[in-house]
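One-letter residues, chain by chain:
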Amino acid sequence: MSTTITTGTPEEKSAAAAVEKIAAERPRIEFGGAWDYSPAPESRDIVRLQKRYGLFIGGRFVPAKSGRVFSTINPATEETLAEVSEGGAADVDLAVKSAEEAYRKRWSKLKPAERGKYIYRIARLLQEKSRELAVLETLNGGKPIKESRDVDLPLAVAHFFYHAGWADKLEYAFPRHRVSPIGVCGQIIPWNFPLLMAAWKIAPALAAGNTVVLKPAETTPLTSLALAEICREADLPPGVVNVVPGAGETGAHLVNHPRVRKIAFTGSTEVGKLIQRALAGTDKRLTLELGGKAANIVFEDAALDQAVEGIVNGIFFNQGHVCCAGSRLLVQESIEDVLLEKLARRIETLRVGDPLDKNTDVGAINSKAQLDKIRELVASGVEEGARLHQSSCALPAKGFFFPPTFFTGVAQSHRIAREEIFGPVLAVMSFRTPDEAIEKANNTPYGLSAGVWTDKGSKVFRITSMMRAGVVWANTFNKFDPASPFGGYKESGFGREGGVHGLKAYVELS
Amino acid sequence: MRTAALPFDVSRVPPIDQAGIEERAASLARRSIKKGAKRTGIRLALSMLDLTTLEGKDSEGKVRQLCRKAIRPLPEDPALPHAAAVCVYPNLVSIAKDALSGSGVKVASVATGFPAGLVPLPVKLEDARRAVEMGADEIDMVIDRGAFLSGELAKVADEIFQVKAACGPARLKVILETGELETYDNVRRASDLAMAAGADFIKTSTGKVAPAATPPVVLVMLEAIRDHYLATGRRVGMKPAGGIKTSKQALHLLVLVKETLGDGWLTPELFRIGASTLANDLLMQLAHESSGNYQNEDYFTKD
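Protein sequences appear in the order of chains A and B.
Taking my numbering, the leading residue of the first sequence gets 4, the next gets one more, and so forth.
Taking my numbering, the leading residue of the second sequence gets 164, the next gets one more, and so forth.
One chain only, chain A, in its complex shape:
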């Protein structure tokens, strides 16, 4: 971080040289190659990829009516993994009708305890196939295997187990109400946690007695289709769960289908607004879980090394493809230098590369389009005058990768402080007083999550209660549990997922 003065008087030059010498002599922690970890790739042999995947409609895998297919790739290598049928209007119509028939004839008539059994069965099958599904998730999405193995899969399993338990206890979840299901739910999920988002959507819908048509994201359809296969193995009645891969157009057909009773969408705020517009004036229910620009507020009395871990987890977990990522760091001025020095040192130890390697911390960016978007926003940060800090890590020659990055000298007005980047890029700003921190943290159109770091309990309670965000973590970050509701304020959407609050979106109360 030293600067070289090339002009000036000889005295100035020698003074500058002296400063540089001191900087060079300052103690430094070197993370070199003294003891390198050998490659530790998880074997991909456990996954048997098909050449072509169909749509899952009425309990069977079928080709699209149009015959159209799209390729799905491994973003870490750019190799094509498989061809996947693309759902068109006719396919969506068939899927919704099959879901409706399953709802009327089978699923809504089933005893709740029986419904629960099916969901338990799905949970157990998911658990049994965890290793295979974790590898598949990493292959198709680019996330590090340690995350798909330790986070995505266990949480997805937990969501099915949790909701299976509710199936025959709904009147206890909503006392003094008659609880009935809604009908066919259209569910559209993003590419950042493909299987986990499918679990978040499908498990409560089924527990409450609804049937679903799920549209996975176009870059990551494979684990949703694997889940469809699990539904079949679990003997789930045909049509209760349907999976129709495709892009935005497929989603639009689902949103606009007249027999769909509810839409649940997780994705960008931009698309969320389109959906809300399309549903205005209809009697369809809607929940939206959209973007975020969460602030992580670090006070001078925080445990700084652990705060650094939280900051790293907040922004580099899943390459920053997390709607609740802590993408803005608000640090108290009195500790700004020391905290940023720690952060700069810490990102040098992040291992970026092959997502299948068990020691990889930061994997591949999900798609070329997303990589371009990250690059564009980072360029805007440099252009607007913020200072760029990046890990010196080497990036693989092939595939979509971006180094862990943070910006200092960021103003509230910079694009990198306002817009969701959805990548491993952190915007650092400082504050002097708690009120200023609260004001800056809340000064965003989003409101999905926030983090507060202080060793002082009373401050935790005061600051967290003033955050306008759906989830506020204190002295930790990115903690999820199926019993805990998750969702946003403002442009981060509405409705909750998880817990009793999440269940409520899938029942009719009278």
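These aren't lab readings, by the way, just hints derived from the structure by calculation.
All residues carry an ideal CB built from backbone N, CA and C; glycine is no exception.
Check before you lean on any hint, since a few could be wrong.
[Said to hold, decoys possible] Label-pair ranges, simulated between beta-carbon atoms:
1) L391(A) with G314(B): 44 to 52 Å
2) Y175(A) with R202(B): 39 to 47 Å
3) L393(B) with R378(A): 50 to 58 Å
4) D240(B) with G35(A): 25 to 33 Å
[Stated by the list, open to error] For lysine-lysine, the following BS3-like pairs were computed, each having C-alpha atoms within a straight-line distance of at most 27 Å:
5) K114(A) with K507(A)
6) K376(A) with K401(A)
7) K401(A) with K197(B)
8) K361(A) with K408(B)
9) K198(B) with K361(A)
10) K220(B) with K401(A)
11) K361(A) with K371(A)
12) K197(B) with K361(A)
13) K408(B) with K132(A)
14) K361(A) with K465(B)
Following the hints, put chain B in place on chain A, whose structure we already have.
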């Protein structure tokens, strides 16, 4: 009696978040150390061993056996590195010195009323001084945990300072006995105190109290060493001891060092592992790496 001023500013000791430090230590335990990295790591761990025997029944014969093990851990493989030191009670220092002469293996002696440290300061100083006179290259002292917990930090610091002076050329390892300090905040405070008072190494435990060298405790101490180095330029060593029995634990410790202190500390000069039974597990894993099979424990000498 002397009263010394505290050599460090207690108010600047950073707080440690329990959940956070435990999570970080656990995440580093999931590093996958395979193939070449495993072989190198095990050899490194072997070279960092403070092979220890600290029993009331220790005898000359026992210590001589242990010294042979330290010099050549596996008789049939002279290319394996020797251990860093043999750690014994003061009465056995001269035996160890003799058995290890010319081998490059250091003699470490516990001292200062080990393991409780509840003897008068002059006795502690004499204990350390004599051990050095008898040939100890390194002194493993214990702090007065009672004084520490009752807030007499200056007393603890002063004792370390005076023991350090009594050690002369010998390197001083300061045992915090983290199992008795109980909180990570205490571990950090004691680490900062010991380093400020002149410790060459800070060490987790005597081996007589559980829990001992748990990964989060080691991590707290490594972070303290890092911050001390960045602030003063002085490299203090680290020695986890107590309950480290398996290669897996040893490799995990090396991961903690690598990702906290970097390359500079991956050397026996600055990192030691105090253990009595770890050596054979390291040898067994090493044999497994080259042959693909686990050998019967009787193929490794029990010393």
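- Message: Hint compliance check: list the failing hint numbers for this structure, sorted ascending.
- Response: Violated hints (numbers, rising): 2, 3, 10, 13, 14; every other hint is consistent with the structure.
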